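Top to bottom, those sequences are chains R and L. Position one of the first sequence corresponds to residue 5 (this note's numbering), numbered consecutively onward. Position one of the second sequence corresponds to residue 5 (this note's numbering), numbered consecutively onward.
Take these hints with a grain of salt, some might be off.
[Claimed, not checked] Cut-off 27 Å, straight-line C-alpha distance, at most; resulting in silico cross-link-like pairs (DSSO-like, lysine-lysine):
#1 Lys107(R) - Lys162(L)
#2 Lys107(R) - Lys35(L)
#3 Lys311(L) - Lys162(L)
It is worth saying that the hints were derived from the structure and are not from the lab. If you're wondering where the values come from, they're calculated on a predicted model, not measured in any experiment.
Now for the letters of each chain:
2 protein chains.
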Amino acid sequence: MKKHKTITLGHGSGAGLTRELIENVFNKNFKLPTLDDAYEIENRMVVTTDSYVVSPIFFPGGDIGKLAVTGTINDLSMKGAVPVYLLVAYIIEEGFKIDDLIKITESIQKTASICNVRIVAGDTKVVQRGKGDGIYINTTGIGILPEGVNIVKNKIKKNDKIIINGSIGDHGVAIVNAREDLGLSPPPESDCAPLNELVQLMLSNGDIHFMRDPTRGGVATILNEVQKEINHGIVIYEELLPIKNEINSVCELLGLDPLYIANEGKVVAFAGGNCKKLISSMKNHIYGKNSTIIGEVTDEVNGVYLKTSTGSLRPVLLLESDPLPRIC
Amino acid sequence: MKKHKTITLGHGSGAGLTRELIENVFNKNFKLPTLDDAYEIENRMVVTTDSYVVSPIFFPGGDIGKLAVTGTINDLSMKGAVPVYLLVAYIIEEGFKIDDLIKITESIQKTASICNVRIVAGDTKVVQRGKGDGIYINTTGIGILPEGVNIVKNKIKKNDKIIINGSIGDHGVAIVNAREDLGLSPPPESDCAPLNELVQLMLSNGDIHFMRDPTRGGVATILNEVQKEINHGIVIYEELLPIKNEINSVCELLGLDPLYIANEGKVVAFAGGNCKKLISSMKNHIYGKNSTIIGEVTDEVNGVYLKTSTGSLRPVLLLESDPLPRIC
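Build out the structure end to end from the sequences listed, making use of the hints.
Next comes the structure, spelled out in structure tokens:
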């Protein structure tokens with residue numbers, strides 16, 4: 005905490021400043037068993053917790069309720085766990101419309117039902133007008149790890165393929181368009197989706213070594229976090245990156261790099277072998293239609309690099325902060 | 005939701021309006037297995053979640069970090085569970101002092117250590133200045149139910165004694181004094197304390213049928229909630245209620261009734277037999293020194309009643325709201 009005496013938006017960005025806060029404040033005290041989002045406690049039970057402060061609370065492709073369920077389900081899924089239970093806690097600002105609370109609650113229940121997840125406990129707090137921003141939601145998820153599943157960073161090997169299940173940057177751009185009234189038509193939609201089913205399919209059809217969902221900080225941030233903990237470099241290929249034209253246009257307009265933009269329905273997987281069976285099985289799933297290899301683990305570089313279409317190598321660095329606050 | 009179109013502070017009070025919101029909005033969707041704070045999922049594992057929005061965040065007897073640990077540990081304890089794991093999620097307002105964040109984090113770790121509870125996962129979000137109030141903390145607790153322990157409302161029987169482990173109203177009055185700068189000297193201290201040890205002692209030394217911690221809404225609210233679900237009445241005795249003189253004075257000054265004021269280190273237990281061994285064991289514990297019977301389950305009344313020192317019966321009603329917002 006060498007530079008900051010107070011919390012900045014960057015400390016919540018999921019990028020470098022968040023990492024610094026976790027290392028220097030939280031982990032110094034808590035000595036967390038892992039800095040992954042989810043943790044196996046006992047009896048193959050995996051737990052995770054997340055607060056959702058997205059603004060606006062309703063956006064094309066989802067709302068804070070759907071996001072609070074899918075985000076937590078996805079954190080469990082990245083460990084290979086099957087989500088089973090969910091706990092939901094609301095912090096509501098005085099004056100919030102009860103009709104909106106009903107809509108959000110219905111959205112939570114609908115998403116949980118689709119995923120076969122049972123809501124078992126909750127909590128409601130209300131804060132005065134001006135001490136919140138409509139509604140914040142915390143969800144805690146509990147899942148069960150199927151026998152034989154063990155997803156850990158140190159299983160990543162040289163020559164592992166890096167795979168993503170579809171387009172990059174959709175969620176962040178959908179939020180920024182809705183928030184800043186950019187007026188894009190049709191408005192870009194968030195990719196907000198539960199990945200529990202797709203992940204189990206991947207585990208059955210490929211040699212998955214590690215997975216992460218590229219939320220806050222995007223693909224670039226999670227690749228950097230992973231690379232720091234393995235003894236290899238990572239190269240991704242510009243021409244293989246699935247980025248929609250409209251996402252590229254918005255990013256160019258706003259000076260953003262899609263690699264750093266949050267996704268809410270994407271998994272980045274590190275897998276062994278040629279991955280043909282894996283990718284073709286993923287393409288059969290609704291949330292994997294555009295699955296593709298985007299890179300590989302290699303000793304030819306030290307760090308994370310993007311190989312551009314002209315063949316040059318550009319470093320993909322860990323940023324201190326994310327340009328878009330309150331994206332999830 | 006007949007009367008309100010928007011959320012009021014009362015909806016977060018833990019009293020009647022909160023109950024209405026739970027019944028008409030949350031439970032209509034979630035169909036929660038229980039409206040108790042904690043729930044047994046499987047393998048004798050009990051889970052609970054709570055957000056803490058107390059203001060001010062530092063107060064005599066504790067701080068939001070200590071409270072976020074003890075409050076959740078106490079919810080697990082009320083089911084008879086031994087708390088084992090904790091997940092911690094922060095929502096921090098931009099501009100919050102990092103020194104205060106460190107103090108709070110140390111307080112969380114210290115309290116968890118004392119209780120032998122391990123913090124296994126966390127989350128940090130930051131919201132813009134004016135969209136929060138310093139810091140809000142959510143904790144989720146996971147505990148293990150010892151073999152043979154089964155604490156459920158329907159075990160409550162006629163003639164059960166109602167027991168509390170000490171003075172009533174301390175937390176709420178400590179908060180209101182700190183918040184409103186009433187300037188009482190010495191300032192009243194919160195009773196904020198973890199009850200996990202005391203509860204296990206009680207389970208070993210008495211025939212405990214049911215327990216609840218009288219937090220938001222105080223002793224009166226939880227007695228009403230319990231009474232609604234059993235086929236008996238409840239009488240408590242004014243002269244047996246342990247209320248400190250200074251708490252009574254502040255309550256008189258502010259027109260508050262200590263029975264409705266939040267406690268954060270108290271358990272109200274329903275127990276069979278004469279409870280002599282139970283009470284004497286409780287008195288040997290640091291958090292049970294002033295343990296006493298305050299009432300009983302009876303068919304002589306229908307509802308919750310206070311027998312005053314003059315022998316008359318005064319109804320103790322479920323209020324719509326709590327007079328003190330953001331007490332926990």
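Which of the stated hints cannot be reconciled with the structure, identified by number in ascending sequence?
1
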